[in-house]
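Mind docking chain R on chain W? Use the hints.
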Amino acid sequence: MKVVESDEGEILDIELNEDFLRRNRELAEENRKLLDQHNVRAIDVMGSIGSGKTSLIMHLVTRLSGRHKIAAIAGDLTTTIDAERISSSGANVIEVNTGRECHLDANLVRKAFSELNLEEIDLLFIENVGNLICPADFPLGAHQRVVVISVTEGPYMVVKHPFIFIDADAVAINKIDLSQAMGVKVEQLEQQLLVIKPGLKVAKTNFMTGEGTEGLIEALGL
Amino acid sequence: MHELATSEAIADVVLEEAAKREAKKVLSVQIEIGGLSFLNPEQVRFWLEIKFEETIAHGAKLDIKLIPPEISCPGCGYKGTLEMKDDPVYHFVLPSLSCPLCGSSKVVVEKGRGCTVNRIKLLCP
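Protein chains in written order, with my numbering: chain W, 1 to 222; chain R, 1 to 125.
In case anyone wonders, no lab produced these hints; they're calculated from the structure. Watch out, some of these pointers could steer you wrong.
What follows is a set of in silico ranges between Cβ atoms, one per label pair, in the way DEER data are often shown [said to hold, decoys possible]: (1) E119/W with G59/R: 51 to 59 Å; (2) L178/W with S28/R: 48 to 56 Å; (3) E211/W with P100/R: 31 to 39 Å; (4) E110/R with P155/W: 26 to 34 Å; (5) N17/W with C102/R: 42 to 50 Å; (6) N117/W with K65/R: 18 to 26 Å.
The list that follows gives simulated cross-link-like pairs (lysine-lysine, PhoX-like), each with its CA atoms no further than 20 Å apart [unchecked claim]: (7) K106/R with K201/W; (8) K85/R with K160/W; (9) K106/R with K85/R.
Treat the numbers as computed from the prediction; the structure is a model and nothing was measured. Where is the CB? At the ideal position from N, CA and C, for every residue including glycine.
Extracted from the complex, chain W is given alone in its bound form (with noise of 0.2 Å):
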């Protein structure tokens, strides 16, 4: 910190350079040193309200629970059904309520670490707020971040949200069977995406049926 004096002698410029999302950071990086101790991969998965964000995990549970032990972090403004709907694919769960919050952050994270034996697992899916626009800001320290997004959110959802994707590993397409019924071309979001990041991993999905689980599991490389 800098302490400038004016020539009135009365009037201090002060230099804070003080970075209110660093806090949140710093934070995450912690959360990321203490799974990296515990050998657990973490995977944070973010999306809309209703873009099948509870149901990829469920699909993902299901499908690699016999080579991975799993657990979940379910957050939810208040209710228990997205923990309780994990909890019935065979994972361990912790539910964490945010209350009025729109996203999940590195200190809610941490709270629910505790509750959480690190030792017993070795891949964590923690599932933020149906929110495409705060989760963004608050890494929470995961290894990878997926964003889900359906095609019943309509054709120019990527074009609108863009910088969600920036931070995103891979992306599941979901609902892709009733793509004909919105008049939304698959192919097109997919090439929107590729064009905001070159490279992205999109698998193209539908979890009411679980086609196209493989794809992202090989996009997450697990």
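Using the frame of chain W, we list chain R on its own:
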């Protein structure tokens, strides 16, 4: 969407600093918001003005700048703004996380993620 929480944190830091220095008044607050953050400068201003009401920061000049994102390319050494691909049909501009010089997708975001209170001016007795 989390402008209120962020503005509260900004107001706390500014008012704490002012109290520590026994200031009579906060004259100005300079804030930089990264173009890749999801904070709307107008909403930060709106909430800050409310948070500063009935405090010594009431009426402080709020200088809020939006910082354009900058990337660097380890491959060819490019350093500069993030390329925006313009599509006049829809009136939208798509950011593209790739090097405008060599096309590499292995670029590093250097600027545009933060929300920083850079400096404040205090009137001290």
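Contradicted hints - numbers only: Checked against the structure, the hints that fail are numbers 5, 6, while the rest are satisfied.
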